[in-house]
Amino acid sequence: MSHFTPAKRSTSMRASMYLLRLDWHLEGVVSASERRRILRTLRDEIDTDGRPVQAVIAGLGAPRTLAERYGEGGWMRPLWSIGTLTAAAALGTYWVVFLSFVGGMLAVVDSAAPMKAEATFVFVPVNAFSNDQGFGIGWSGGWEWLVVPIVIIAIFLLVGARVWRLFRRDRTTTE
Amino acid sequence: MLPLVVLQLIQQEESYGYELVERLTALDLEVSTGLVYPVLNRLERDSLVTTFSRSSPSGPPRKYFALTDAGAIALAVARHQWEQTATAVSDAIELERE
Numbered sequence: 001m002s003h004f005t006p007a008k009r010s011t012s013m014r015a016s017m018y019l020l021r022l023d024w025h026l027e028g029v030v031s032a033s034e035r036r037r038i039l040r041t042l043r044d045e046i047d048t049d050g051r052p053v054q055a056v057i058a059g060l061g062a063p064r065t066l067a068e069r070y071g072e073g074g075w076m077r078p079l080w081s082i083g084t085l086t087a088a089a090a091l092g093t094y095w096v097v098f099l100s101f102v103g104g105m106l107a108v109v110d111s112a113a114p115m116k117a118e119a120t121f122v123f124v125p126v127n128a129f130s131n132d133q134g135f136g137i138g139w140s141g142g143w144e145w146l147v148v149p150i151v152i153i154a155i156f157l158l159v160g161a162r163v164w165r166l167f168r169r170d171r172t173t174t175e
Numbered sequence: 001m002l003p004l005v006v007l008q009l010i011q012q013e014e015s016y017g018y019e020l021v022e023r024l025t026a027l028d029l030e031v032s033t034g035l036v037y038p039v040l041n042r043l044e045r046d047s048l049v050t051t052f053s054r055s056s057p058s059g060p061p062r063k064y065f066a067l068t069d070a071g072a073i074a075l076a077v078a079r080h081q082w083e084q085t086a087t088a089v090s091d092a093i094e095l096e097r098e
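As they're listed, the protein sequences go chains B and H. Counting along the first sequence from 1, when you hit position 59 you're at 59 in the numbering used here, and nothing is skipped either side. Counting along the second sequence from 1, when you hit position 83 you're at 83 in the numbering used here, and nothing is skipped either side.
I should point out that these hints are in silico values taken from the structure, not numbers from a laboratory. Check before you lean on any hint, since a few could be wrong.
In silico EDC-like cross-links for lysine to aspartate or glutamate, where the CA-CA straight-line distance does not exceed 16 Å [what the hints assert, rightly or not]:
| no. | chain 1 | residue 1 | chain 2 | residue 2 |
| --- | --- | --- | --- | --- |
| 1 | H | LYS63 | H | GLU19 |
| 2 | H | LYS63 | B | ASP47 |
| 3 | H | LYS63 | H | ASP91 |
| 4 | H | LYS63 | B | ASP44 |
| 5 | H | LYS63 | B | ASP49 |
| 6 | H | LYS63 | H | ASP28 |
| 7 | B | LYS116 | B | ASP132 |
| 8 | H | LYS63 | H | GLU14 |
| 9 | H | LYS63 | B | GLU45 |
With the sequences and hints as input, model every part of the structure.
Rendered as structure tokens:
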């Protein structure tokens, strides 16, 4: 029946959005397998509940509160999604600072052309040149080029996944 | 207290999640699905209840909860503890009245 389809799609979307938010909050309080089980069960409960989806979701309460109830008695786990975002932000910042540094070098050598300069930025050798034939920047393709970003990603992934606990308004006890 | 009452109701009659909420509400307990579902999840995780699917006349099959042997033992222990506590509290109140 054509008149029923849009309402059903809207209902599913509302429930999906709620479960997405719950998933986010559950990540820090239950294991991945437990989280999947909870979400599957809740999706089934929502689908089989005869009431309007707004009423069903209102009964479940705020996703954060519901997640805390599911995690009651457990310990606070790393939030890898926040860790990934933190690592991505740190890597982006590293790249911006790196390119600013190299761009600054290029501006200096270009203003005093013909000139060539070499420097090191966080273990990575970089160089810039400017002469009658043109100007350019470059950096080494050695191990530093690969290791430095990996170290940055690893540190901020591990720190970001755990530091979120400090910013919780209600810090639950850990075991 | 809520797990004890939930186990008791499931022992009386196998129910699905929202039906349990309605039965608890009928006992004048202010509960919601957001309170009861996490309790059911813990009871299932601890193997105190088991689940099975039963067809529904008004939609897809529903997930029903039934007591396991371990659940029946846990309920008996919890009821004994509750009765002891309730007796102790009643005695204390009676002493204050005298």
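Hint by hint, here is what the structure shows:
| no. | hint | result |
| --- | --- | --- |
| 1 | H/LYS63 - H/GLU19 | 11 Å, holds |
| 2 | H/LYS63 - B/ASP47 | 11 Å, holds |
| 3 | H/LYS63 - H/ASP91 | 42 Å, violated |
| 4 | H/LYS63 - B/ASP44 | 8 Å, holds |
| 5 | H/LYS63 - B/ASP49 | 11 Å, holds |
| 6 | H/LYS63 - H/ASP28 | 24 Å, violated |
| 7 | B/LYS116 - B/ASP132 | 12 Å, holds |
| 8 | H/LYS63 - H/GLU14 | 10 Å, holds |
| 9 | H/LYS63 - B/GLU45 | 8 Å, holds |
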